[in-house]
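With the sequences and hints as input, model every part of the structure.
Residue numbers (the working numbering), protein chains in the order written: chain A, 1 to 353; chain B, 1001 to 1314; chain C, 2001 to 2340.
The set of hints was computed from the structure by calculation and includes no laboratory data. The beta-carbon is built from N, C-alpha and C at its ideal position, and this holds for glycine as well. Worth double-checking, as some hints may not be accurate.
Unchecked claim - No farther apart than 30 Å at their CA atoms in a straight line, the calculated lysine-lysine pairs in the DSSO-like style are these: (1) C/K2202 - C/K2124; (2) B/K1200 - A/K161; (3) B/K1202 - A/K161; (4) A/K300 - C/K2202.
As the list claims (entries may be wrong) - Now the stretches of chain A that chain C is said to cover, found in silico as 3 or more residues with beta-carbon under 8 Å: (5) 142-153; (6) 202-216; (7) 219-225.
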Amino acid sequence: MNVMSQTVKTPGADIQEETPLLEIRGLVKRFSLSGDFLEQLRFKGGKLVRHQEYVHAINGVDLAIRRGEALCVVGESGCGKSTVARTVMGLLQPSAGEIRYGGSRIDNMSTRELMPFRRRMQMIFQNPYASLNPRMTIQQTLEEPIRLHHPGWDSTRVRDKVAEVMASVGIAQDWGTRYGHEFSGGQRQRIAIARALAVDPEFIVADEPISALDVSIQAQVLNLLMEAQQQHNLTYLFITHDLAVVEHFGTRVVVMYLGRICEVAPTATLFSRPRHPYTQALMSAIPRLEDDRPQHLRLKGEVPTPVNLPSGCVFHGRCPHANERCGREIPALIDTAEGSQVACHGVEEGRIG
Amino acid sequence: MTTSTTVPRAGRWERLRDSYLLYSFKRDLVAQLSLLIFIAMVAVAILAPWLAPMNPYDLAQIDIMASEMPPFWMAGSDDAYLLGTDAQGRDLLSTILYGARVSLIIGFGAVALQAALGICFGLLAGYLGGRIDAFLMRLADIQLSFSTLMVAIVVGALVKAIFGSSTFSAYAVPLLVLIIGLAEWPQYARTVRASVLAEKGKEYVDAARTMGLPSRRIMFRHILPNTLSPIFVISTVQVANAIISEAALSFLGLGMPETHPSLGSLIKSGFDYLQSGSWWITLIPGAVLVALVLVINLLGDWLRDVLNPRLYKG
Amino acid sequence: MALLDVNHLDVRFGMRRGELQALRDVSFSLDRGERLGIVGESGAGKSVAAFSLLNLIGKPGYIAGGTIRFDGQELTSMSDRELRHIRGHRVSMIFQDPMMTLNPVLSVGEQMVECLKAHRRISKREARAIALHKLEQVQIPSPEARLDQYPHELSGGMRQRVIIAIALLLDPDIIIADEPTTALDVTIQAEIMALLLELCEKHNVALILITHDLGVVSQVTQRMLVMYAGRVIEQGPTREIINDPQHPYTQGLMNALPQMATPGSRLNQIPGSMPSLDNLPSGCAFHPRCGFVQRDDGSHRRACEDNIPGFVTSGNCQVACHMVAEMLERDRIPAEETSR
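Here's what the structure looks like:
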């Protein structure tokens, strides 16, 4: 715990308010679909040309995560929310843009330079069945990050730390000698959370951490994440597609569509008054217990593939309010009166309320 | 907070006892029989110096007058030579025991070398990807396009030319291990690479990466233990293949010299006498070779069925 | 008479360490055109229940007891041939993963025509016309073009629409949908659910919807079963159960939803997890997790630990819970006393 509180204070208390913990600027991530150089060569009009195709997973995302908040990123599959998480964690190299952590740029750091940041930022994954190494015991799984980041610690100290972490996530000490497959999904997710907390991080990226779990277990894990946030003063980047979870858990919400941000808003604002047409459609699609009949806003068509991005606003093809300008011009995020930001020409022009 | 399901703490032995491996073994008669024969053959081969009636490498014990004696069930046999003798008057039973030992040593040695090379290259290619992957896999393709035979001819010819054929005979076993090992590592590399690619996409590898673990540790501590199943399966097949390769090379005169015969060179040495009626010199070692390869392959088949993750998720 | 009548269905799996009872004493009925939801968490047995209706459970599973009457015919004693006629023809299934039903090497049209020709004596041209009509019904844009497309060329939502079209091909009496929208995005999920609902109503098709999503069940179905560890623990009209769940597990499930708590506060979690079928607790399978049992000290607790609860009727619902039974009893006696 001592180590924790020190690292939080290091940047200096006065500027702490202004510098966001994590800042993403102009992030772009493309995945090549075309294979290696030889496979890219095509004949076109009698000429040999190099033809490359990309999946445009993220197309220019700016985001700042403040200390102590739980920033939720929502969107449908293929909107790039997981790619954002993985790029932030350094699992993917951004194609363009920069990522700053506590002011220092981390996206182009070497493995060695990254080490101190690795300890401060941890990740929790979606599939608890795949995120634990099946050939390692729980004790080994939990000891590994501690030994890596505290090479000076002796075995007793490492074991004490493991015991402390296990207790804090509510798993019994005798689980240590067992293997991941002996546990249920919820129990495994607890272990995965324990592994993330073992090195006293200040920032946790959680990529759909409860989507693979049953309803009654989701509540347990969500409670655990909230407890951990209070105890360790954590900041979360929480990726999910479940708006009910967002409403409960998030302090601010980012809505993404096809690799772009549609709307950023404080949770209460977003849920009381969604501005972007896509956010509105998304909200209306949540199956509610209260009403008998689904009264959702029907969208035209389906999500376009991120290979051939639509021109202008990525949403214009399905948007009920789209006009000629939407198909031509990419909307920028603009501030609204409620303190949120929306990227929509319709909102900007006052066409959409 | 959690009512943990009561799973008893299992030691290694209990885990084995409860494992699917043992369960399916108990129900598979072919596998049991194969393992029994395989263990018996290995044991007899290892204990050859103590079990064999005579030492076929010891020229003093060879009686040239007793050559081409038939096995015990035929007329004109001698009780001292249970399976008869070969053209040089060596007791066939003893020679087969010693020969099986040589075959097994080369088989396992070559597979160990293949595995060491193949696993390292496969891990590197699969995990690092990109140019290293392309380079190693093209290397594997090139290697595969040379047959074992060509490698053997080239290496054999080089060694004989540089050091003389007596040196070749003296170092035949390590040389054959080297030749077969070098010729067939791509099999391992490809299998390992394929399973590394599958494992690499799993989240526990991502977890290890976000932790900041060095690549070497991720490869060997995290990925390798999870690719062991296919490695085990391919190993059984490869041992059988290596034994056959060695026999083929020896049969062609590129392998073990006749003074230290393996099963292959025994078959070859008797081949000339097949026409003259001394069929046992070729056929009995041949039958032993077939039996050995067959049981290994049967065990491999069983292992593949059991460890196949599509059929059983463990 | 009900279209489908399931009575005391027992399904077991012969495993290497003895038998697993995957379903115990499951009874329910379904009327023509009725929409029934089967709700439960993974391992509750809801998919086994659906699969066993058509005897589709593969080895080592088998139906150990009980009856399934479909339109007056007993299904459990039927031969494979007779069953095949009913499957697809009168009862069709929709799975979570569309690729489980769709053959990747055949075009959509070929698959639909093949399915039609297997069950009806019609020409290819007629079959194609019916297929086209069904694709129109599921509101696929440019259905003519879709007929010649292959499954991989369609998006997830489109594939599920094709699956629904295939399910409707032979004008079935019942559609069994096993988590039909779980793999889809929220907006697509809402559309597919609305479509399924609309088609069932229009053609008077009964629907058995298997899902873990209480929201979906509450919007689509008229009656629901809640399953836990291979048993039905509560059944009745969907509205009543959603508005006033009786069984502590159903209550817990509802209360655990984030919608039920004020944002940022602690969620009402159910402790522990569902027991595995080979290690079921004695008595009521839910008792180790049940808040009422844990709070109780004496006699009631013993009943929950020792005896498997039977169904009691509460309003229009049936609940398998000792606590509910006792509360009903307590309410009844004073009522009788005052009336005397």
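A quick look at each hint next to the structure:
1. Distance hint between C/K2202 and C/K2124 is fulfilled; the C-alpha atoms sit about 27 Å from each other, no more than 30 Å.
2. Taking the CA atoms of B/K1200 and A/K161, the gap is about 29 Å. The hint holds against a cut of 30 Å.
3. Distance hint between B/K1202 and A/K161 is fulfilled; the C-alpha atoms sit about 27 Å from each other, no more than 30 Å.
4. For the proposed pair A/K300 and C/K2202, the alpha carbon gap of about 23 Å is at most 30 Å, so the pair holds.
5. Under the rule that three or more residues need a Cβ within less than 8 Å of chain C, the assignment of the region 142-153 of chain A is violated, with 0 such residues.
6. Restraint check on the region 202-216 of chain A versus chain C: 3 residues with Cβ-Cβ distances below 8 Å, three needed, restraint holds.
7. Here the region 219-225 of chain A counts 4 residues with a CB under 8 Å from a CB of chain C, which clears the bar of 3, and the coverage holds.
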